[in-house]
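Please model the entire structure based on the sequences and the hints provided.
Numbering (the working numbering), first residue to last: 1439 to 1823.
One or more of the hints may lead you astray.
[Said to hold, decoys possible] Computed cross-link-like contacts, BS3-like style, restricted to lysine-lysine with a CA-CA straight-line distance of at most 27 Å:
1) Lys1604 with Lys1663
2) Lys1663 with Lys1727
3) Lys1527 with Lys1516
4) Lys1663 with Lys1516
5) Lys1778 with Lys1516
6) Lys1727 with Lys1742
7) Lys1778 with Lys1742
8) Lys1481 with Lys1516
9) Lys1527 with Lys1604
10) Lys1527 with Lys1571
11) Lys1481 with Lys1778
12) Lys1527 with Lys1778
13) Lys1527 with Lys1663
14) Lys1571 with Lys1604
15) Lys1516 with Lys1742
16) Lys1742 with Lys1481
[As the list claims (entries may be wrong)] Now the in silico label distances, taken between C-beta atoms and shown as ranges:
17) Leu1803 with Thr1745: 55 to 65 Å
18) Thr1600 with Lys1727: 20 to 30 Å
19) Leu1803 with Gln1446: 42 to 52 Å
20) Asp1618 with Val1677: 18 to 28 Å
To be clear, the hints were calculated from the coordinates, so they are not data collected in a lab.
Yeah, the Cβ is synthetic: ideal placement off N, Cα and C, and Gly gets one too.
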Amino acid sequence: MLINIGPQHPATHGVLRLVCELDGETVVRVIPHIGYLHSSFEKLGEYRTWNQVVPLTDRMDYLAPLIYNCAYVMSVEKLMGIEVTERCKVTRVILMEMDRIFGHLLWLGTTAIDVGAFTPFLYSFQERERIYKLHEAYTGARITTSATRVGGMMADLPEGWTQGLKDFLDTFPDTLAEVDSLLTCSGIHIGRTQGVGVITAEEAVNYGLTGANLRATGADYDVRKDQPYYDYETYDFQVPVGQHGDCYDRYLVRMEEMRQSVAILRQALDRLPGGPMNVDDPRISLPSKTDCMSDMESMIHHFKLITEGIPAPEGDCYSAVEASKGELGMYVVAEEGSTKPVRWRVRPPSFVNLSAISKLAEGHLVSDLIMINASLDIVLGEIDR
1439 MLINIGPQHP ATHGVLRLVC ELDGETVVRV IPHIGYLHSS FEKLGEYRTW
1489 NQVVPLTDRM DYLAPLIYNC AYVMSVEKLM GIEVTERCKV TRVILMEMDR
1539 IFGHLLWLGT TAIDVGAFTP FLYSFQERER IYKLHEAYTG ARITTSATRV
1589 GGMMADLPEG WTQGLKDFLD TFPDTLAEVD SLLTCSGIHI GRTQGVGVIT
1639 AEEAVNYGLT GANLRATGAD YDVRKDQPYY DYETYDFQVP VGQHGDCYDR
1689 YLVRMEEMRQ SVAILRQALD RLPGGPMNVD DPRISLPSKT DCMSDMESMI
1739 HHFKLITEGI PAPEGDCYSA VEASKGELGM YVVAEEGSTK PVRWRVRPPS
1789 FVNLSAISKL AEGHLVSDLI MINASLDIVL GEIDR
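Structural data, given as structure tokens:
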């Protein structure tokens, strides 16, 4: 028997269609059908300057947009040989770790609802609202942040912003502990997640799984540790790993990741240096508004950067970051002097992680498929880019 779950179904967490082949109520095979949210972001990027691509990136994973913003410009800067300032590096670490928590909180709340637990949803979305306010205070937007620029950021952190983040870090661990007490030892939650959607470390690697979905199997791989960027090797944090590769271990790994992100954020706030946010190069960074109004040369640089963009050397570059959903890779190709990408390719973790859903669901009941899909923590904007 074949049944369809989605594309309009609350448990698919987006416009995803799952065609399920069943034997009674037991899943024999699951075929995911994607494309309902196709946006052609990669092709659109070929018609935009390097900085104009940034707004496209936060539309892919709108649950953790700042990670995508930072990942893209990091790849372009590597291509162009640009070394950002120390203040910019630490700021990007702060923004990415904040959005790691941001993305995990949405996963936590919606997954809890999928197994019938409503209270954790309220706790997680209450904390997400506090991060929304930090987004808005810095970028002016709650979701579509577009915060980064090649060679720096859209602006320096506003006065009082770091204190607002410290206030969040002071109380968030208590909320997380409260949710932990509600779910981790809950008999209903354990019954719905332990031994469900099991995959071994070898199978996970063969499927290309990354992030918590890989680490829950016991495989200790995290881009921040194994291919460090933005001086992550100098931060003191642990990479949580599971043992059984089931839905319950994926839950435990993400819960611990949020605690580790809190530790990284505290270290980053302590080491946030003064100095400029953007590189001091008029060919890359926009001059200040004051300079544009008082200096003709600054106005010319501003005009050239806005109308033409930053010329890039010929070449290609791939770089990866550890996003909330796994390894996020950005590949850019440029011709000599091109101010737009010749090709921009994204390696989205959700797209790869979804490929394992049939393996995870095989032999389980249809009701377990809902939990298995939720445990993968996918976002359709990223899959249908």
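Do the hints match the structure? See the list:
1. About 25 Å separates the Cα atoms of Lys1604 and Lys1663, which keeps this hinted pair within 27 Å; it holds.
2. The straight-line distance between the Cα atoms of Lys1663 and Lys1727 is roughly 40 Å, outside the 27 Å bound, and the hint therefore fails.
3. For the suggested pair Lys1527 and Lys1516, the alpha carbons sit about 13 Å apart, so the restraint of at most 27 Å is met.
4. For the hint pairing Lys1663 with Lys1516, the CA-to-CA distance comes to about 19 Å; that is within 27 Å, so the pair holds.
5. Using a Cα cut-off of 27 Å, the hinted pair Lys1778 and Lys1516 holds, with the two alpha carbons roughly 15 Å apart.
6. Under the criterion of a C-alpha separation no larger than 27 Å, the hint pairing Lys1727 with Lys1742 is consistent with the structure, at around 15 Å.
7. Under the criterion of a C-alpha separation no larger than 27 Å, the hint pairing Lys1778 with Lys1742 is consistent with the structure, at around 14 Å.
8. The suggested pairing of Lys1481 with Lys1516 holds, with an alpha-carbon distance near 21 Å, which does not exceed 27 Å.
9. A distance of roughly 19 Å separates the Cα atoms of Lys1527 and Lys1604; the hinted pair therefore holds under the 27 Å criterion.
10. A threshold of 27 Å between alpha carbons decides the hint, and for Lys1527 with Lys1571 the separation of about 22 Å falls inside it, so the pair holds.
11. A threshold of 27 Å between alpha carbons decides the hint, and for Lys1481 with Lys1778 the separation of about 11 Å falls inside it, so the pair holds.
12. Taken as a hint, the Lys1527 and Lys1778 pair is honoured in the structure, with Cα atoms around 24 Å apart against an allowance of 27 Å.
13. Between Lys1527 and Lys1663 the CA atoms are separated by roughly 16 Å; this keeps the pair inside 27 Å, and the hint holds.
14. Distance check on the hinted pair: Lys1571 and Lys1604 sit about 13 Å apart at the alpha-carbon level, within 27 Å; holds.
15. As the CA atoms of Lys1516 and Lys1742 are separated by approximately 22 Å, the hinted pair is consistent with the 27 Å bound.
16. Straight-line distance between C-alpha atoms of Lys1742 and Lys1481 comes to about 24 Å, which keeps the hinted pair within the 27 Å bound.
17. Taking the beta carbon of each, Leu1803 and Thr1745 are about 59 Å apart, inside 55 to 65 Å as hinted.
18. A beta carbon spacing of about 24 Å between Thr1600 and Lys1727 agrees with the range 20 to 30 Å that was offered as a hint.
19. The beta-carbon spacing between Leu1803 and Gln1446, approximately 22 Å, falls outside the hinted interval of 42 to 52 Å.
20. Between Asp1618 and Val1677, the C-beta spacing of about 19 Å keeps the proposed range 18 to 28 Å intact.
The structure does not agree with the numbered hints 2, 19 stated previously, though it agrees with the rest.
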